[in-house]
Structure formats: structure tokens, C-alpha cells
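Asks: What follows is each chain in one-letter form.
2 protein chains.
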Amino acid sequence: MALIVQKYGGTSVADAEKIKNVARRVAQARDAGNQVVVVVSAMGDTTDELVKLAYQVSGQPDRRELDVLLSTGEAVSSTLLAMALHSMGYPAISLSGAQAGIKTDTAYSRARIMKIDPKRVVRELDKSNIVIVAGFQGVSEGEDVTTLGRGGSDTTAVALAVSLGAEECRIYTDVEGVHTADPRLVPEARKLAEISYDEMLEMATYGARVMHPRAVELGELFNVPITVASSFNQNPGTLIHGEVSMEVRNKVRSVAHDPDVAKITVVGVPDHPGIAASIFVPLAEAGISVDTIVQNASIERITDLTFTVAKSQLNGAMAVVEPIAGSIGARECLSDAKLGKVSVIGTGMQNAPGYAARMFRALSEKNINIQLISTSEIRITCIIDEARVKDAVRALHRAFELEINE
Amino acid sequence: MALIVQKYGGTSVADAEKIKNVARRVAQARDAGNQVVVVVSAMGDTTDELVKLAYQVSGQPDRRELDVLLSTGEAVSSTLLAMALHSMGYPAISLSGAQAGIKTDTAYSRARIMKIDPKRVVRELDKSNIVIVAGFQGVSEGEDVTTLGRGGSDTTAVALAVSLGAEECRIYTDVEGVHTADPRLVPEARKLAEISYDEMLEMATYGARVMHPRAVELGELFNVPITVASSFNQNPGTLIHGEVSMEVRNKVRSVAHDPDVAKITVVGVPDHPGIAASIFVPLAEAGISVDTIVQNASIERITDLTFTVAKSQLNGAMAVVEPIAGSIGARECLSDAKLGKVSVIGTGMQNAPGYAARMFRALSEKNINIQLISTSEIRITCIIDEARVKDAVRALHRAFELEINE
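The listed protein sequences correspond, in order, to chains A and B.
Mapped onto the working numbering, the consecutive letters of the first sequence carry residue numbers 2 to 407.
Mapped onto the working numbering, the consecutive letters of the second sequence carry residue numbers 2 to 407.
Check the hints yourself; a few may be wrong.
Any copy will do: because identical chains look the same in the list, a pair fits if it lies in one copy or spans two.
List time: in silico DSS-like cross-link candidates among lysine-lysine, alpha-carbon distance up to 30 Å [stated by the list, open to error]:
hint, residue 1, residue 2
1, LYS128, LYS116
2, LYS104, LYS116
3, LYS53, LYS19
4, LYS128, LYS21
5, LYS367, LYS252
6, LYS104, LYS128
7, LYS21, LYS53
8, LYS192, LYS19
9, LYS391, LYS192
10, LYS120, LYS104
Simulated from the structure, these hints should not be mistaken for lab results.
When you get a sec, could you build the whole thing from the sequences and use the hints?
Replies: The structure is reproduced here in C-alpha cells:
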């Protein structure tokens, strides 16, 4: 008898009918002879609505209280799924993050899982229960509710799979799996049968919304196979694991994109030690995530420093950087909020030259101007005009022949 | 520095504006130099909406799961109130029933409080926090969430007041206090400045909705003074306590009414031992609360047995009673779903004769037919046509001169 962990996202449990649909899927896994642990997100827009409510009573909601508030969303969906299973004749029990033994630090709204003590989960499985765990939440040492932040429910699922020694972790969502590019942009995009942790990590980080990088990282660290599939049909999804078939035909596996890029350039920065720190330490303290950073070679000890942030953080970042720019003697701060990024990703690129050239040529053939470039061993990313992102993704998908079956 | 417990009902925290209003009231109590513990109900219709959701996924929702589901309502309101207090600059923390140490049995949906271990509440008070406790909920020995059933939040408040040794428990609601009769029916009804536990208990049991009898009982048992007042103004409310001024002018303190009465009569019952048990034990097992029971003097060892239930339970009660009536040789079962009851209540009646006669005369002068009568030491109740309840309440209020100040 195998133990499997399934996770269903918010769109999969958005209303009573969808919850019943999920219950039928869970029941199938049980009927197939498995022990089943299910992690659920909050129904549809519940979390957004709770956040809205919080901002109606407070301009700056206390983060401990906000975490308790948001955790109710998953309590609701998990109990409803348990009830739906009962009404189909299946034994099931819902557990909160605390009851499931998910111990976190006290970093409210973005808590990290410290350890999992799954004894209650095991006890309920031993009683033949299907165990439904409220995702996205845990409990601190002081017995206060915490939430895990973005990607929280995926992380709950993978962490439970690790601690229970599950055979597999299945992430059910509203897409059919991981594709060679976003199918809404590229109609000929193909679903990948498998992908490596590293590739998925780059894709998730560089714009593919299908799974949160944090959960992928955890899966890689403990080598838990993760399958991403649709909760609305029975098609096989994409297996994320460590041993991807070697020598796949395409060295580039997929094109990721992200339209949410804003750029700040600090112009005319005196180039001496400590300048970068004087800008990026205050940004980090203000909670602003900086993505790509590029510093030009300096001419006469004067350089330009460019970095990107999410569009929603541009104003906050400018408020931090402008006074600093003044105090360090930079000439000015420029910003551009209308950017996006496209990335090609594949472990096959690692020891094979020429991929960057092929990418730049494909973009230039479409007259798409490259503003910034950043690379990892298995990824090349170009920052371009937001308006050209769609064209760029299509051009790259074609240039790397991703529509052809491997 | 006094410790006071306040409780705010669902209508008092129905939306963000009302929650901010409650926060201002809590802050006043704090500014007056008190330590403050606040118990809140779920916002407005939240509980009903959650129940509806449960019935959308299951014809018969599992009671353990339903309790977890419903408990989220108070988690939401308690965190929002804590946030509202923070935004006004007051230190506050919300606690779940479990965190507040409210230990119950495992009778889901109607759990009883076994004990309260308020050490976390005390610790937070010592840290100068205003402590907001989610009402209506507790935790079982097995660490599962339970709900306390009807009157749950009032009970949470009184029980916390008992266990913390609070000076006072203040129940804030949408009425100004306890009145001599329902002001919607009797415009000249007066708010009572004080009332005894026993009187309040009879009133609550016999139709006054202002407070649940269960919480009153607990207050009486541990002699905690309870004040009922409006959350929407600063008027003094009604003090419920043990030592009510002696020799008050009116021996009858108030008229209670309840339009929700249905009657079942088992006609022609052979009068021998065990007959009553054969009817009422199965009713209790079916979860049907029987109110008034009247058995006529038997003629030739045949009697009629009449009892009342809530209207919503009439069909269920008939389904239980009809087959039994057949099997014990009764002639037939009759029912009437259009009844109500009026009661006059006052500890002053206890040793003073003539009150029943005065009540019956007042009703007869208005041509109101009395169908059943039941009494306690401090209460006389008549079951009458539902359509005449309003007239009866007004007539009794006048007959006992309740509009005149004591």
C-alpha cells in the first residue's frame, strides 16, 4: 500500500461542486489501494477577500493577526472536503497545520517550516482515514498560527511528502502540467512528460506560475518526485524529478516569461567599494526583492548600476534609492515600469555553447531590443519591452524547435 | 486595576465599521484603567453561511468537521478586532478557544466546558495586552476543535469571567438591556436596572432572546455579576446578579413571550405505569426537546397526554410519537403548530398568592383562550393561539403595571 500526498489549489476547490469533484478524485486514489494525504488551499479568492477585510479595519494589519485570519481560509476548504468525502462513504478527517505537526519559525506571513512532527497524521492514517491537511499554515513554538507565504500550500504538500516518506507528491492545479511555454501565448506549446528539479526551479523563478520555486527546492533537497497535473481531467501531468532521461533531443526544454518587470538605473555612480551595499542593503531592509542586477564597466571611475524589481515594488524602491543616489553623488535615477523578461531553460545547455547566440539572433530577427541579460548555467534571460514579450516567447519557442516531440 | 470581560455578539461586529466601533468601546474600558478580555461572536450571518456551505457538499455534515468549519467565524472576527485595536495604538492579541484554554468534552456542536486553563490569557494580560478570545469554541482532550452550541459566546464570556476572577462580565448586544417586555411589542416597556439570576433564567428560557439561559446559569453558579447593554450607545444596561433590592413594588418583573410553540396531544391513552416513558424516552433519543407536558386526570383509566415542542421539531416529533401511540393503544395523535406562549416572571410572586388569577383574568378580558398552563415558583406560563401573543403580552404588561417605575 503506497502513501501518496495530493495537493489541490484554490481554483480546484473554488465552490461546492468543485470540492465534490476533488472528493471523487481523492476517492479514486484511495480505491486504488493507497493511503492518501490531501493538502488544500483556500477556496478561490478567499485569501484576497480576507486581506481586504483586514485592510478595512487597519491601515497596517498586525502580521500575527493577519496570519490567524488568513489561516481560516484553508480550515474552511479542508473541512468541506472532509465532509464531501464522508457523504461519499469515505472515512476522512481534516487537520489544521498545527494538528498536522507543521512547526515553523515566527516570521509571520512568510514563515519557514522548521520541522514536521506528523504523528497525528500517521495516527489518522492508521485509523484508515483519508487525512486532509489545511495548506499554507503551521504553528510556531509559542503555539501561534503562522502562514507560509507565497507557494505555501505547495510547500506544505512537499514537506508532508518528505516527512511521511510518501512515494509521490501530486500537485493538482488548473493547468495540465509544465509546458514548453505558456499555452495561452504559444498555441503549439507542448506539455513536458518530465522535467528536472533544476529546470523547474529556473522556470518557476523566471515566470512559469505552475509551481512555486520554494516547493520545488524542497522536493529536490529530499528527492521527492512531484507530479503536476490538472484537477479537472485525468490526463497525465508532468513529473518533476532528479533523473531526467539523458540526451534529450532539445537541450532547451522551455521558454518562461514574466511581464512583471520594472527597472531602475542609478546613473553616474562613483565606482568605489561599498557603493553596491549602500544601495542594496537598504532595499533588502525595506522588504524589496531585487531580481537582476547589472553594473556596467566603469569609465573614469564612474559607472551605471541597473537592477529590476516587481512593478508593484517600483515606487517603494525609488523612495529608498533616490535619496541614497543623491548622497553617494550619483547623477540621477531613471526608472522604466514597462518591461518583461523571457528566459530559455534547459539542463542540456550546460555544456553546449551557442544557445545565447541563438536566442539573441531570434530576438533580433523580430526587432526586439534586449535591455538587460542575465544567465545561470541552465538559463538565459533577456529583459525586453513588455509589449514584445508575447512575440519574443513565440519566436524563441520556434527557434529552439520546442513544438517538436522529443 | 479591575479585570473585566466584555462580550460582543454577531450584530455588534457585523462589518468593518462596527468592528471599529467595538474597538473604540474596548479602548475606553482600557483607558478607564481596566485589564480587558473581550469575547466575540462571528460577524453577522457568517455562521449561517458556513452551515449553508457545509450542506452544499454533504447532506449530513460530519459534526467534528462542522465544528472546525464554524469555529473559523470567530477566528475571523477576533483577529479583525485585534487589528482594529492595533491601528488605534492599543496592544491586543487574539486567541482561539484552544489558546485561551477552554477545554470541553467531545460533544461536537454542543460541547460543554469542562474546565478553563487561562494561563495564556493571564500571560498576555501581564504583557499589557487586551486579550480577544474567539467565542463559541473550545478544544477537546484529543486537541480537536469543538463548538459550544447555542448561547456559546455568552457562555465563553461568563466562563472566562469565572476562571479569571473578573469583577464583572458585560454582554454587549443589539438591545439596551433586559426589558419588562419586548419593546417591539409593548412600546411602554421599561428597561430593568437589575434582575436576579433566577428571573433572568426564566425569562431567557421562556422567550426573552437577550441572553442564553446556559450563560445565566453559569453566572449564578459562580456568582459573577453580568451586565447586558447595547454596543451601539453608552446607556447603562441591566445588571443580572444575586442580590436584587428587596421588596420591589412590582412582584412581577416582566412578561416574556415566545411565538414558537407547537402542541401534540395523544388522545385516549391507557393510564398505566411506563406510558409517559414509552413516549418521552424515544423523543429524547431523537434529539427533540419537549417543553411543557400536561397530563389530564384520567377518567376510567384513560387519559390525554399533551406536550409542546418547537415548531421546527413538530414533524420529527409526530414521526416518533404516532407509531408509539398506535402500539400503546391510544386513540389518536393531534397536533397544532400555531401556538405561542406568554409568561409572567418575578421572584416576588414566590410567597404572594393571586398572581395566577390576575394573569388569567387579564387574558380572559381580551377573549384569549388558554390552552395549557405551566408554572414554576417564580413564573406562570400560558400556551395560547400564536395570533393572540401580541395582545396577551400587552394586556399582561398593563395588568401588572410594569410601565410604572419601581
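Asks: Hint by hint, say whether it matches the structure.
Replies: Structure-based check of each hint:
Both within a single protomer and between protomers do LYS128 and LYS116 lie at most 30 Å apart by alpha-carbon distance, with minima of 24 Å and 29 Å respectively. For a Cα distance limit of 30 Å, the shortest separation of LYS104 from LYS116 qualifies both inside one copy, at 5 Å, and across copies, at 27 Å. Proximity of LYS53 to LYS19 under the C-alpha cut-off of 30 Å is found in both arrangements, the shortest distances being 24 Å within a copy and 16 Å between copies. Taking the closest pair of Cα atoms, LYS128 and LYS21 come within 30 Å of each other only inside a single copy of the chain (23 Å); across copies the shortest separation is 46 Å, beyond that limit.
Taking CA atoms no more than 30 Å apart as the test, LYS367 paired with LYS252 passes inside one copy only; the shortest distance there is 23 Å, against 95 Å between copies. In the homo-oligomer, the alpha carbons of LYS104 and LYS128 lie at most 30 Å apart both inside one protomer (23 Å) and across protomers (24 Å), since each shortest distance falls under that limit. With identical chains, the CA atoms of LYS21 and LYS53 are at most 30 Å apart both within one copy (28 Å) and between copies (15 Å). For the homomeric pair LYS192 and LYS19, the shortest alpha-carbon distance inside one copy (24 Å) is at most 30 Å, but the shortest distance between copies (51 Å) is not.
For the identical chains of this complex, LYS391 and LYS192 are intra-copy neighbours only, at 19 Å inside a copy versus 71 Å across copies, given an alpha-carbon limit of 30 Å. Taking identical chains as interchangeable, the C-alpha atoms of LYS120 and LYS104 lie at most 30 Å apart whether they share a chain (13 Å) or sit on different chains (22 Å).
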